[in-house]
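Given next are the chains, with one letter for each unit.
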Amino acid sequence: MILIPFGLIIWCLTQLGYFNNILKNQIGNTTNLYSAVLIISFFSFLIGLYFLVFVKEKQEDEFIAHIRLLSFQRATFLQFVYFLFAFIYMLIFKKEPSGDAGLEMFLILSILSFWLFYVLYFNISLFLIKKKANEEQR
Amino acid sequence: MKNSVKEKRLKINMTQQELADEIAVSRQTIFAIETGKYIPSAILVLKIAKTFKKKVEDIFNLEKGD
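Chains as they are written, first to last, in my numbering: chain A, 1 to 138; chain B, 1 to 66.
Treat the hints with care, since some could be wrong.
Only some residues are given here: those of chain A computed to face chain B with a beta carbon under 10 Å [to be verified]:
hint : residue
1    : 44
2    : 48
3    : 53
4    : 58
5    : 60
6    : 61
7    : 62
8    : 63
9    : 67
10   : 68
11   : 104
12   : 107
13   : 110
14   : 126
15   : 130
16   : 136
Derived from the structure by calculation, the hints contain no laboratory data. In this text, all values refer to a predicted model and were calculated from it rather than measured experimentally. For every residue, glycine included, the Cβ atom is placed at its ideal position computed from N, Cα and C.
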């Protein structure tokens, strides 16, 4: 679980060039180290996200499986909407979403958006149904 | 599909949790079935009927649109 925020923060800070000066002063040529930090941080974020996605509920029954399937469908739909808006944005403004590595970033985000939508939709649905069930119990 | 799980459960003074434990599902699953948010599988339907010692069609009924 800790891999998700840790990996994301390190990856974002490295992309923003936060560690450039620190590493340059101490080591000199930092290209390889810079790439290694980027790769390790991004993959640790991805592994953490996959753990979060495939974690089992305490009681994994057919209703949970039904919500998982529904979340997959909604995540697919939302990813399609994301693609549509991102392409329209690129078409209108005739540039990639974020500077030089725009297309690369856009594709990375499209992969992540699917899993993020899935995790969010699944957990929110489950939270709401648990809340309603608890309210009825009282 | 309509069902009378709640009525049958209350008739024998059974809580949602007890029914859930009996048929090995979570309490929110029982809640979802009772409120019609989820249509259970044939296995679950048979387990519920067995718990209440009733026929399936006494608990679950088809509606016009089904």
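Do the hints match the structure? See the list:
For residue 44 of chain A, the interface hint is violated, the least distance from its beta-carbon to any beta-carbon of chain B being 32 Å, above 10 Å. Because the beta carbon of residue 48 of chain A sits about 26 Å from the nearest beta carbon in chain B, more than 10 Å, this interface hint is broken. The beta carbon of residue 53 of chain A comes no nearer than 20 Å to any beta carbon in chain B, farther than 10 Å, and the hint placing it at the interface is violated. At about 8 Å, the closest approach between the beta carbon of residue 58 of chain A and any beta carbon in chain B falls short of 10 Å, and the interface hint on this residue holds.
A distance limit of 10 Å between C-beta atoms decides the matter here; for residue 60 of chain A the minimum to chain B is near 9 Å, and the interface restraint holds. Taken as an interface hint, residue 61 of chain A checks out: its beta carbon lies about 4 Å from the nearest beta carbon of chain B, inside 10 Å. Among the interface hints, the one on residue 62 of chain A holds; its C-beta lies about 6 Å from the nearest C-beta in chain B, closer than the 10 Å criterion. Satisfaction of the interface hint for residue 63 of chain A is found here, the shortest Cβ-Cβ separation to chain B being roughly 4 Å, below the 10 Å cut-off.
Hint on residue 67 of chain A holds. Least Cβ distance to chain B is approximately 9 Å, under the 10 Å limit. Evaluation of the residue 68 of chain A hint against chain B yields a violated restraint, the C-beta minimum of about 13 Å exceeding 10 Å. Because the smallest distance between the Cβ of residue 104 of chain A and any Cβ of chain B comes to about 41 Å, over 10 Å, the interface hint for this residue is violated. Hint status for residue 107 of chain A relative to chain B: violated, with the closest Cβ pair at about 36 Å, above 10 Å.
The restraint placing residue 110 of chain A at the interface with chain B is violated, with a minimum CB-CB distance near 31 Å, outside the 10 Å limit. A distance limit of 10 Å between C-beta atoms decides the matter here; for residue 126 of chain A the minimum to chain B is near 8 Å, and the interface restraint holds. Below 10 Å, beta-carbon pairs count as interface contacts, and residue 130 of chain A has one with chain B at about 5 Å; its hint therefore holds. With a cut of 10 Å, the hint placing residue 136 of chain A at the interface with chain B holds, because the nearest CB-to-CB distance is about 6 Å.
In the structure shown, a violation is registered for the earlier hints numbered 1, 2, 3, 10, 11, 12, 13, in ascending order.
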